[in-house]
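J.: Sequence:
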Amino acid sequence: MSLNSSNVFLDSAPSNSNRFQVNVINESRESSAAVDNNTDPPHYEETSFGDETQNRFRISFRPGSQECYDNFLQNGETAKTDASFHAYDSHTNTYYLQTFGHNTVDAVPKIEYYRNTGSISGPKVNRPSLLEIHEQLAKNVAVAPGSADRVANGDGMPGDEEAEKKEEEEEAGVVKFGWVKGVLVRCMLNIWGVMLFIRLSWIVGEAGIGLGVIIIGLSVVVTSLTGISMSAICTNGVVRGGGAYYLISRSLGPEFGGSIGLIFAFANAVAVAMYVVGFAETVVDLLKESNSMMVDPTNDIRIIGSITVVILLGISVAGMEWEAKAQVILLVILLIAIANFFIGTVIPSNNEKKSRGFFNYQASIFAENFGPSFTKGEGFFSVFAIFFPAATGILAGANISGDLEDPQDAIPRGTMLAIFITTVAYIGVAICVGACVVRDATGSMNDTIISGMNCNGSAACGLGYDFSRCRHEPCQYGLMNNFQVMSMVSGFGPLITAGIFSATLSSALASLVSAPKVFQALCKDNIYKALQFFAKGYGKNNEPLRGYILTFVIAMAFILIAELNTIAPIISNFFLASYALINFSCFHASYAKSPGWRPAYGIYNMWVSLFGAVLCCAVMFVINWWAAVITYVIEFFLYIYVTYKKPDVNWGSSTQALSYVSALDNALELTTVEDHVKNFRPQCIVLTGGPMTRPALLDITHAFTKNSGLCICCEVFVGPRKLCVKEMNSGMAKKQAWLIKNKIKAFYAAVAADCFRDGVRSLLQASGLGRMKPNTLVIGYKKNWRKAPLTEIENYVGIIHDAFDFEIGVVIVRISQGFDISQVLQVQDELEKLEQERLALEATIKDNECEEGSGGIRGLFKKASKLNITKPTPKKDSSMSTIQSMHVGEFNQKLVEASTQFKKKQGKGTIDVWWLFDDGGLTLLIPYILTLRKKWKDCKLRIYVGGKINRIEEEKIAMASLLSKFRIKFADIHIIGDINIKPNKESWKVFEEMIEPYRLHESCKDLTTAEKLKRETPWKITDAELEVVKEKSYRQVRLNELLQEHSRAANLIVLSLPVARKGSISDWLYMAWLEILTKNLPPVLLVRGNHKNVLTFYS
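For the sequence shown, our numbering gives the first residue as 93, with consecutive numbering after it.
Just so you know, these hints were derived from the structure itself, not from any lab.
Yeah, the Cβ is synthetic: ideal placement off N, Cα and C, and Gly gets one too.
Honestly, I wouldn't trust all of these hints.
[Stated by the list, open to error] Pair ranges (Cβ atoms, derived):
| # | residue 1 | residue 2 | range |
| --- | --- | --- | --- |
| 1 | 1057 | 857 | 33 to 43 Å |
| 2 | 1138 | 754 | 22 to 32 Å |
| 3 | 1057 | 622 | 48 to 58 Å |
[To be verified] As a list, the in silico DSSO-like pairs of lysine-lysine whose alpha-carbon atoms are at most 30 Å apart:
| # | residue 1 | residue 2 |
| --- | --- | --- |
| 4 | 1061 | 986 |
| 5 | 986 | 826 |
| 6 | 1081 | 1171 |
| 7 | 1026 | 770 |
Whole structure, please, built from the sequences with the hints as guidance.
T.: Structure, rendered in structure tokens:
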């Protein structure tokens, strides 16, 4: 029993008074002054000091651990104590801890108990187990490292944890960002893209100010709903690195997360190319104006794009700190460019700008531009599809969640504020440009109004310019024609160009960082085995350098060879698919009603999240229907792949929660429906012990319960409850995992009991749930019954009686070699351990040889000690030598083969059903179900029933008619008319010899002696009992003769189980019946139903 480290916390400021006082005494510090630097943790012991003390603790320091407790001392002096402490032991370093006014192992709430193992925010500490608190405290209880520096009452100094965390990060040199630099800046830069400068004016020209604002608003609705859902998910627990992938995978599970994570990472990688090409195109346009082309426009874009992406890669690889600084600089440029535009709208326009359609703020222009004026081929949804990518980018901050100081606070705050600020900017620019610039302008300063001309009501005409010819011929200026309207309107045009550069480069840089981060998180989870190579991180920030290189290669490929106009819609749809799943994750988590769903961000609604998910899917089809179809197809195939591979992860997803809710609802609904014979299915309790120890028994049961009925593998632990419960609890998960690994659809259940029969009785009564309760008990035949102790026989036969008492059917399975292979498994485990030790030793020797003598023999011993290869104890050595002396061929090979006989496909043969007694039809139903299985489908049913010799044909016809009504196919029917004749003398002699050791023979003794023997050995078979049931004994022996005659070559025999009346048939006689009945036969199933119909011929 271990006393976990979290039981005891030590306060460095004992003078701090509060309701939970911790007092610490230091004693004999000098005695440990000369210890070496061993970092092993201290050990806690229960110490008795007489009547005055109450179970105080002694902390015995191992060498080198004294330094960890220097904080107990105040300037070299021991902490003061209160009057309740007893004198201390001067020979040891001893501390006494007191909480709640008395010593206790029980610990108070503390964050360390709730961390995951390997948490970066602090150590995981184990609280005392219930067993440690409930049982008496053991001596020399070990304490895990890192516990003694905590305060027992949990009232440590405020900010201690944050201070420790900050110190650790500073020591490690890890760079973490706050919500402004980490989220707000990135999201704003990613949302403010090139669209703001070169497409927003065109959108206002096409859709008008009114519909333009609606388009912006609709886009913002999608992103805002996604941001709200993301905020709810982020505040429902600690967020690690991986951004959208992490949020979706932890909410919906690896199937959804793995599929969207891969395409989301790919989308970000290709987005790098898109943004870089946008930057390169702007640069090439400037080169054209100055006649400075290098080769031709296409190759110039490739050259500039390649150089740009290399520079961006260098910034990214240099570290997140440099990348963050670059983002801040780009944001400043972008903000100056936007401010430059607004300033330009109030600077009086000159004649050149007026000829190009800019007249400053004019009510007439606002009124004219308020309504839509779609050109040929354009409409609301086509314009929306062009604008919507400008609103994306809200995941830029979440994608670097692993580099944020507090993702739970930073992501919601930074993302929602970024959406608000960028929305205001988009709407402001749209309204301003729509109120200042007309839709069409010629650019000619000579197109002024001449007196007497008809203005046709246009705003430009009222302002002195005639742009009417733009209705008949294309013009180069105005909102509809000039993509550089913002440059024209701005106070200083080159700043807009700088803004375009800033927008493209910042988006490219954000995508170049996001893609590797998301991809690394995906690879770390090992969902796709082939991608494990990219999980490795480097440096203080665990930078995904391999992911950077992969992203760089993908971006370069699309810069050099891809047609980005084709791939762009798919990329937008990939992002939208991520948004849809984030919204659906929030809805799904709420709908599953899991108690673990407790987001701190309360401004969300499950139905609004569902609406957001549907809206995202609709927008995908609006933007580009074929790209949406491609996105869904790719996601579907990745989902199927991950589902098929079944990664070994458990993230507590809402899918699991909903599965539980669905199962619970279905189970409750099932209880409202009465059982019907047509829906009967064998629901079995199988007494396998550990499922791996009796695989054949489990296999034959699984053959008729798989996909049709309940199967529970049960084990009874007999002995002292404390030891049994500990052993039982420690093996639960392992044994259920074995069932899952071997694809056996069964549950594992175990109980601890004083005797085997009591345990089985508990299982028979309490197993199952609602209507899903066992109706059949499956046990293996007790092959060693002749040598077994009396209590084992009484328990074995007793559980059969108990099953019948509870109206549960019984199936006893017998195979020639028996079922228990635990000894074989034990030997195999020992051999595996020996092989591992041998390989480890060989590896150590090989490594030592490779060192070319640097360290010599001492180095070998060092390595051996690291591998825990130590000199074995004599006991272990003797056991090893015993195992080594065993040759694999000496194992019971027949037993191993028998344990797998039901795993193999059964060849053409028969299943012989000896339906001697009508038990409701279970004896017939089980073999019928077996014939439906792939491994047994080549076996035909042969039915054997008892009958009268003079009515064989009539009874055969009657049975054939009954089976046809049951719709059960059979190969043949045999009516056995000579069941009740006496067996031959040899067979009967075998039976008599079998029961001879268990007979009382009271008729050969005087009355007094006989009565005495009955009292001393009441379990023995009396002559009177044997005489009463002689006919039944004859029948069992005779049946074996018939079975030998008719079914010796069958693949399987299913036989009605004889029932022993309680109080009439002794246990040993009943075991003798089962022995003689199934002796020297193929595998036998002795079946007895509960005498309730399980077959019907009614529809």
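J.: Determine for every hint whether it applies to the structure shown.
T.: Cross-check of the supplied hints:
no. : hint                   : verdict
1   : 1057 x 857: 33 to 43 Å : 36 Å, holds
2   : 1138 x 754: 22 to 32 Å : 49 Å, violated
3   : 1057 x 622: 48 to 58 Å : 57 Å, holds
4   : 1061 x 986             : 34 Å, violated
5   : 986 x 826              : 27 Å, holds
6   : 1081 x 1171            : 14 Å, holds
7   : 1026 x 770             : 23 Å, holds
In terms of the numbered hints stated before, the structure departs from hints 2 and 4, listed from lowest to highest.
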